[in-house]
Amino acid sequence: MNIVTNNKWIGQRTIRPDGVDKVTGRAAFAADTTMPGMIWGKVLRSPHPHARIRAIDTSKAEALAGVKAVVTSRDIVDFPIAKGAVMLGIQDMRWMCRNVMARDKALFPGHPVAAVAATTEAIAAEACKLIEVDYEVLPWSIEIDDAIKADAPILHEFNMFEGKPSNIAGKIEHKKGDIAEGFAKAEVVIERTFATRPVHQGYIEPHACLISVAADGKTTIWSSSQGQFMVRAMTSMLTGIPQSDIRAIPAEIGGGFGGKTIVYLEPVATLLAKKSGRPVKMVMTREEVMRATGPTSGSKSTVKIGATKDGRIVAAQGTFYLQAGAFPGSPIRGAAGCSFTPYDIPNLLSIGYDVCSNRSKVAAYRAPGAPIGAYAVECVLDEVAHALKMDPLEFRLKNAAKEGTKAAHGPVFPRIGYVETVEVAKAHPHYHTPIGKSADGKPRGRGVASGFWFNAGGESSAQVNITEDGNVVVTTGHPDIGGSRAGIANICAELLGIDYRRVSVIIGDTQTVGFSNLTGGSRVLFASSMVVTQSTDKVIATLRERAAKVWGIDPEAVKWENGAAHPVSPNAGQFEPLTLAQLAEKAPTMGGPIGAGVQLNTQGADGGFGTHICDVEVDVDLGIVRVIRYTAVQDVGRAIHPGYVEGQLQGGVAQGIGWALNEEYIYTREGKVDNPGFLDYRMPVCSDLPMIDCALVEVPNPKHPQGVKGVGEVPLVPVMAAVANAVYDALGMRFYSLPMSPPKVSAALDAAAPRQAAE
Amino acid sequence: MAKLHVSTTINGEPMEFLCEPADTMLDALRGQLGLTGSKEGCASGDCGACSVMLDGRLVCSCLMLAAEAEGREIGTIEGMADGERLHPLQQKFLEHAALQCGICTSGMLVASDALLKRNPDPSEEEVRFWLAGNLCRCTGYDKIVRAVLDAAAEMREATR
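Quick note, the sequences are listed as chains A and B, same order.
Under my numbering, read the first sequence as residues 1 to 759, first letter to last.
Under my numbering, read the second sequence as residues 1 to 160, first letter to last.
Hint data in this document are derived by calculation from the structure and do not stem from the laboratory.
Don't take every hint at face value.
[What the hints assert, rightly or not] Calculated cross-link-like contacts (lysine to aspartate or glutamate; reagent style EDC-like; alpha-carbon spacing at most 20 angstroms): (1) A/Lys309 to A/Glu394; (2) A/Lys8 to B/Glu95; (3) B/Lys3 to A/Glu576; (4) A/Lys309 to A/Glu187; (5) A/Lys586 to A/Glu576; (6) A/Lys744 to A/Asp680.
[To be verified] Pulled a few chain A residues facing chain B out of the computed Cβ check, cut under 10 angstroms: (7) Lys22; (8) Ala28; (9) Ile204; (10) Glu205; (11) Ile253; (12) Gly255; (13) Arg286; (14) Asp480; (15) Ile481; (16) Phe515; (17) Gly658; (18) Asp688; (19) Cys694.
Yeah, the Cβ is synthetic: ideal placement off N, Cα and C, and Gly gets one too.
Please build the complete structure, drawing on both the sequences and the hints.
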């Protein structure tokens, strides 16, 4: 494919199509829509980490004035365990149906057991209290070490591992060469064990939906998700309503980061709406979000890396245990598959274990699993580089994967941009600025780390229509979570040679645009720009045909340039250009409406690489680590809208700094999340962070018409290791668990050297 | 209990509404008054997505009772633009790509406006500490801070 160059709009910082709505408060997010006759749904949740549900009596709740419907697991379509997996994307509907509403057992505090719809939120909440659930409380485990013990309480008796009922629900293994042989050649070998805590995606918009079910079963869903088609399919499967009867309308989404790639409320609200005959609105509280949605896995990893004295990595081994939460499905593929991928390692064994435990089912979080694995691998690499007395970037460069390298998870790399990211980082002024100490003597340190994410293509649909007045409407099917509409407008305007403000970009609902897979896997701009490009090319072909007809020449003798048809050369004839507006005006008499749609299962999403540099300053009295400078370098393929590409990098880095320094789920002795709110679950605030510099490396993806690579997930992958390596540089002390929060840093400093009283 | 009748001023317009004693100002804005630009991210005053002005002071409307609006003046995101003309902060947020999902944007803008009214020439550090009560999970704050500083510079230039 041709890579477009010399662009007018591609690469420009245009104003996003949905921007004005969002700065004026007009944009409609999930909780912003209401309907006449609307009532409110509320969920009753298990207070126990693990309990058998012997009986549920909803009669008192149903008798309460104002209550219009009650739903329990009896109302949700069952996917029996014994019948085997029923997959929708990466989700097994056997787990989804039990996660949406507990069936025989409640598996975490917050697990839904029933739901009520009533005329007010207060009545719905009151009715939930009247539901009597007879629980048989069972022993439970949350932490990985507890869940994999021989006598651990088993969540799912049917789940067997090595012949016995187990909480280990899956294993993935990537192997290359022979590690025993490799380690035998190594002159430096370092092996370390790391732990990370569960962290939440932290989107500011709680899950919400409004659902109307007509008497004939026709269902309309307004909800914010990372995929209206996922919402439709899952709701259909869990309620029995055919997909053709469900119109899922994507509201503006207030952040997702992977956490909105599954449903929680929609099937429940649909059943409440169906039973009550009234539109039902459900909005989670922040506490419900923290207890019952997301987060990503807590983990335990052991990584061993061996190198020769000249700095060649000869063998590496990684074992990654990830919490799945209540149901199988932790992101072991990302942890085992991504962590070593930036490097050309001849002998490698990378194993991931999926561990169930009594906390909420994990949901995807930005490069699921990869940041957990990279944290361990990139910290060990730092130690190996120190042992070899090599510059850590030089060490990475020496072992960098490049075109032709076979990754342990399978592919042989095409042209990739990893080396470029390290070279740019190495040459960056940040890397050469002496760091020293702060004016008041606080120690400072610098760390680096790299990361990889697979990226994804998949199904995407688009329709490009020329309006009667000669402007353009583009409809795509992926919710826009961070500015993708702006990228689409740039591309379509570029191809048509018109001002980008003449291109309106909207996200269609499930009944008006073709199937489009989730906004996830960093796929959206990659996939949707492919279908938009092909649709626009078809439109341009029609426009050339129309001009050819007007001029009475061959369509091949017409070219499209700067928003108008022109004869390819004077030989083709002397004609005044015909503009888009002129051809649109002639459309009714020249063959009808001008528009085209394309649907593809897109292929060729190359993986993405990034390399980060982080400076920290440590307040040794308080144990507070502050990031004082940060630079993210990433191969982005082609930055269609640099502002929103940088935004992805900056946002990913901020989330990683939170994960590294403060964010964690804290549990009570009773197994409940003890910090289910933004006060105690401490995400980075504005005053915690410095400016986050970005260096965009553009190694175009040869399989994409504009050279696009996914950019959204890579920037979270290296961050925790970059921060941890910087903390080591500052203190000469390594931390092998996250978060490196003030109490932990303080305790470690105390243990290393008892504190002197302040002078 | 009977509902309370509240007379107030919102974005310069006299308004009346009925509320339960326990309703928050955010409930009233998003519910009866139909002003859904203010968002509920936490209902505990930690995220700032519901930021409004109360008699010229920045508050979280989720922490204010609706009945407290009696006789007061409330300013919300819906009152920020002058008809079709965007406030310089709104324009700079667009130009700097200072929003991704947009759920925090209303609160960020209201809070930034409150800052610039009090301090038309803030330093980066002052912007960062003023906005520390407004969570954004998408942007890492970089472009938000730049947009506020740029808007402040433009507004100072305009009043010269």
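Can you verify the interface hint for A/Glu205: is its Cβ closer than 10 angstroms to any Cβ in chain B? At 4 angstroms from the nearest chain B Cβ, A/Glu205 passes the 10 angstroms test, so the hint holds.
Would you settle whether the hint for A/Ile481 is holds or violated, based on the nearest Cβ-Cβ distance to chain B being less than 10 angstroms? holds, 6 angstroms
Are the Cα atoms of A/Lys8 and B/Glu95 separated by 20 angstroms or less? Holds: A/Lys8 and B/Glu95 sit about 17 angstroms apart, inside 20 angstroms.
Does the closest beta carbon of chain B sit nearer than 10 angstroms to the beta carbon of A/Asp480? holds, 9 angstroms
Return the status of the interface hint for A/Ile204: holds when the least beta-carbon distance to chain B is below 10 angstroms, violated otherwise. holds, 4 angstroms
Closest C-beta approach of A/Gly255 to chain B relative to 10 angstroms, hint status: Hint on A/Gly255: holds, closest Cβ of chain B at ~5 angstroms, below 10 angstroms.
Holds or violated: is the Cβ of A/Gly658 closer than 10 angstroms to a Cβ in chain B? holds, 9 angstroms
At a threshold of 10 angstroms, is the proposed contact between A/Ile253 and chain B supported by beta-carbon distances? holds, 6 angstroms
Hint consistency between A/Lys586 and A/Glu576 [alpha-carbon to alpha-carbon, up to 20 angstroms]: Distance ~15 angstroms between A/Lys586 and A/Glu576 Cα, so the pair holds.
Closer than 10 angstroms between Cβ atoms is the bar; does A/Cys694 clear it against chain B? Give me holds or violated. holds, 9 angstroms
Closest C-beta approach of A/Arg286 to chain B relative to 10 angstroms, hint status: With a minimum Cβ separation of about 4 angstroms from chain B (threshold 10 angstroms), the hint on A/Arg286 holds.
Check whether the Cα positions of A/Lys309 and A/Glu187 lie no farther apart than 20 angstroms. holds, 6 angstroms
In the structure shown, a violation is registered for the earlier hints numbered 3, 16, in ascending order.
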